[in-house]
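Participant: Residues per chain are reported as follows:
Number of protein chains: 2
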Amino acid sequence: MKLELEDVEDFARGAAFLGAGGGGDPYIGRLMLEQAMAQFGPVTFVDIEDIDDDALLVPAAMFGAPTVIVEKLPNGSEAEKALQALETFLGRKATAIMPAEIGGVNALLPVVLASRLGLPVVDCDGMGRAFPELQMVTFSIFGHSASPLAVTDEAGNTVLITARNDADAERLARHTVLAMGASAQICCYPMSGADVKVCGVRGTLTLAFEIGRTIRIARESHKDPFSDLLSYLERTEYYGKCKILADGRIIDVRRETRMGFAIGTVKIEQTGGGRITEVQFQNENLVARSDGQVKAIVPDLITVMDRETAEPITTEGLKFGQRVKVIGTSAPPILRTPEALKVVGPRCFGLDEDFSPIETL
Amino acid sequence: MKLELEDVEDFARGAAFLGAGGGGDPYIGRLMLEQAMAQFGPVTFVDIEDIDDDALLVPAAMFGAPTVIVEKLPNGSEAEKALQALETFLGRKATAIMPAEIGGVNALLPVVLASRLGLPVVDCDGMGRAFPELQMVTFSIFGHSASPLAVTDEAGNTVLITARNDADAERLARHTVLAMGASAQICCYPMSGADVKVCGVRGTLTLAFEIGRTIRIARESHKDPFSDLLSYLERTEYYGKCKILADGRIIDVRRETRMGFAIGTVKIEQTGGGRITEVQFQNENLVARSDGQVKAIVPDLITVMDRETAEPITTEGLKFGQRVKVIGTSAPPILRTPEALKVVGPRCFGLDEDFSPIETL
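Order-wise, the sequence lines are chains A and B.
Taking full-length UniProt numbering, I'd label the letters of the first sequence as residues 1 to 361.
Taking full-length UniProt numbering, I'd label the letters of the second sequence as residues 1 to 361.
Some hints here could point you the wrong way.
A pair counts as met if it fits within one copy or between any two copies, since identical chains are not told apart.
[Said to hold, decoys possible] The calculated SDA-like cross-link candidates involving lysine to any residue, where the alpha carbons are at most 25 Å apart (straight line), are:
id, residue 1, residue 2
1, Lys243, Arg30
2, Lys93, Gly292
3, Lys241, Thr206
4, Lys72, Arg164
5, Lys93, Phe261
6, Lys72, Asn165
7, Lys81, His144
8, Lys72, Arg174
9, Lys267, Glu80
10, Lys72, Tyr232
11, Lys267, Ser356
12, Lys81, Arg164
13, Lys72, Arg92
14, Lys267, Thr236
15, Lys243, Glu220
16, Lys81, Thr44
17, Lys81, Arg92
18, Lys81, Asp168
19, Lys2, Gln322
20, Lys243, Leu5
21, Lys243, Pro346
Bear in mind the hints are in silico, worked out from the structure with no lab data behind them.
Extracted from the complex, chain A is given alone in its bound form (with noise of 0.2 Å):
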């Protein structure tokens, strides 16, 4: 699919969904997509069947405190100035973007990259929504390295990192994006085309795009957003097994920074009294708890929404009041293998639980 101007705040909105809480807010992503097309043109999504097996395909994201991107603005050429680092280095031009998480503002910055540069978007990600950790992809999962890797600041400073292994290069980038002031864009996970029929998330970009597409048709026709959405997910390959968690009013919101993490707990009261579905996050939405019992648990994607718009929202916009409602969402099976739940699953996080497939809750 080719993505037009006007199809950039669907995407984002998607992308927002499948965000689960995290990601970080798309806005400034939006705007700089929206700036980067008008000034380049539309983007071409490929389907990862359609990528030559030798090709260079290059994972871009956004790295560092996701509260921190609003307030020290991009100057758009970061991920241009990583990209060149990393090609450098490989001694070979990439053919592909793609995003390394399909949530939040990470979805979008891949495609301003790609925009700017002429080059076309792989239609898939590494984690079919969001994590919180740089090793916390399905590229990991299937034994690629994260380095390679190329950070850069608004200033232009680049660094190049090759590590022995993720956690060391997940610490050192760690350390350089503080350096930088906790946010700037990576260039990371060089793959082959074949490497990533293996073990991409396929479709994911398509998805969010269709995903924020078919809530604002919703909205449009004064339809009901959700019901919409649910049949829209059912009908997908992945995210097939969903449903409404609660539905009622946040009663109650903690939320801390620690450790340049967002984490803390939000309740909600279900509308017309009684029952309390609380949801303990980590910049992403971990675990859904009704009356003390799991409805769902990570990778399963946990998003709460605006209760009439259907408007995702992040776990820094949650405000004691707000009416909304929680959405549960089967992770793709890539995620749910007891090789990736060693990676992303609950003890990943300090949970106590096991994975449970919200299916079965």
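With chain A held as given, fit chain B onto it using these hints.
Facilitator: Leaving out everything else, chain B in the frame of chain A:
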């Protein structure tokens, strides 16, 4: 000249003298150099005039807290990996290696690298002594950029930094080295032969060797090593203004590790009583005051030495009760220009005094 295995100890002692209390204890560097030379043979020191103008010269150094290198030992191949990263970025091979600073362990590590690679070492450096920060080199005084700069740790992690200015390069490198455990090796300030002919401090490797040799021969022939050292220095082109600033016993040492630096003061009571000389340091000795009056100040060199053997004592080796002499030595003229004093003068270390040459104090 050719540095042979049996010359290493003299070379290391002279480097410790030029370290002016800092630059790291050369002990680990000496062991590494002896091992490298036993395996790979002697290393040639080449006069800068014998280097082609278009040669690629790469300064190498240990970066971080000198106190850490003695606990977290290098594996010996770090500098090679850092150099490789730089060469890949620049698209050409280094012609020769040089020290960024001739003081302390950093005089020896570039010779280890050269020995392992069979490359010559240029007989000059960027400080003519030791300084605590990356940009405190004649290279930056003459407008050369610290980056591209490569940092490698003992695990083999490599970080290549290209920064818009040297302050950013220093900050990014400092954060990187902290993430690597506060000690790593760097290659930086890649320059041409023509550049180094203008900005290098000349003949400092031979100088370090001659200083160490002079002290050893004086000891062996039961002469006073201090009078031989001073008369040797008086005959050199750059270090000719020198004197004994204090001769006594250490009665107080205050030292703390702050922001990755060893910061503190040492007090020496003159033999025969009365006069107290206080030396203030930040890794290197910065200023010596006798009864409150400045006797020598950075960039001139202040070195505390054992009063019997004339073995230089680094700031981390200072202890209560040690009997010492403190030697003050003029810095090379290239460090005393108004431009240089903006980079390595007293104000750069937070001191309230302006620079006064030792010969006027």
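Participant: Next, verify each hint and record whether it holds.
Facilitator: Against the structure, the hints come out as follows:
Taking the shortest alpha-carbon separations for Lys243 and Arg30, neither the intra-copy value of 28 Å nor the inter-copy value of 68 Å comes in at or below 25 Å. For the identical chains of this complex, Lys93 and Gly292 are neighbours neither inside a copy (52 Å) nor across copies (63 Å), given an alpha-carbon limit of 25 Å. For a Cα distance limit of 25 Å, the shortest separation of Lys241 from Thr206 inside one copy, 19 Å, qualifies, whereas the shortest one across copies, 75 Å, does not. Taking identical chains as interchangeable, the C-alpha atoms of Lys72 and Arg164 lie at most 25 Å apart only when they sit on different chains, with a minimum of 18 Å there against 31 Å within one chain.
For a Cα distance limit of 25 Å, the shortest separation of Lys93 from Phe261 qualifies neither inside one copy, at 34 Å, nor across copies, at 42 Å. In the homo-oligomer, the alpha carbons of Lys72 and Asn165 lie at most 25 Å apart only across protomers (20 Å), although the nearest pairing inside one protomer, at 30 Å, exceeds that limit. Proximity of Lys81 and His144 under a CA criterion of 25 Å is satisfied in both settings, with 23 Å inside one chain copy and 22 Å between copies. In the homo-oligomer, the alpha carbons of Lys72 and Arg174 lie at most 25 Å apart both inside one protomer (17 Å) and across protomers (22 Å), since each shortest distance falls under that limit.
Taking the closest pair of Cα atoms, Lys267 and Glu80 never come within 25 Å of each other, the shortest separation being 41 Å inside a single copy and 55 Å across copies. Proximity of Lys72 to Tyr232 under the C-alpha cut-off of 25 Å is found in neither arrangement, the shortest distances being 36 Å within a copy and 57 Å between copies. Only within a single protomer do Lys267 and Ser356 lie at most 25 Å apart by alpha-carbon distance; the minimum there is 21 Å, versus 67 Å between protomers. With identical chains, the CA atoms of Lys81 and Arg164 are at most 25 Å apart both within one copy (23 Å) and between copies (12 Å).
Taking the closest pair of Cα atoms, Lys72 and Arg92 never come within 25 Å of each other, the shortest separation being 32 Å inside a single copy and 37 Å across copies. For a Cα distance limit of 25 Å, the shortest separation of Lys267 from Thr236 qualifies neither inside one copy, at 30 Å, nor across copies, at 76 Å. Taking the closest pair of Cα atoms, Lys243 and Glu220 come within 25 Å of each other only inside a single copy of the chain (23 Å); across copies the shortest separation is 88 Å, beyond that limit. With identical chains, the CA atoms of Lys81 and Thr44 are at most 25 Å apart within one copy only, with a shortest distance of 22 Å there and 39 Å across copies.
For the homomeric pair Lys81 and Arg92, the shortest alpha-carbon distances inside one copy (15 Å) and between copies (21 Å) are both at most 25 Å. When the C-alpha separation of Lys81 and Asp168 is checked against a cutoff of 25 Å, the pair qualifies both within a copy, at 22 Å, and between copies, at 16 Å. Taking CA atoms no more than 25 Å apart as the test, Lys2 paired with Gln322 passes in neither setting, with 36 Å inside one copy and 77 Å between copies. Taking CA atoms no more than 25 Å apart as the test, Lys243 paired with Leu5 passes in neither setting, with 32 Å inside one copy and 75 Å between copies.
Within a single copy, Lys243 and Pro346 get their C-alpha atoms as close as 20 Å, which meets the 25 Å cut-off; across copies the closest is 68 Å, which misses it.
Comparing the model with each earlier hint shows violations of hints 1, 2, 5, 9, 10, 13, 14, 19, 20; every other hint is respected.
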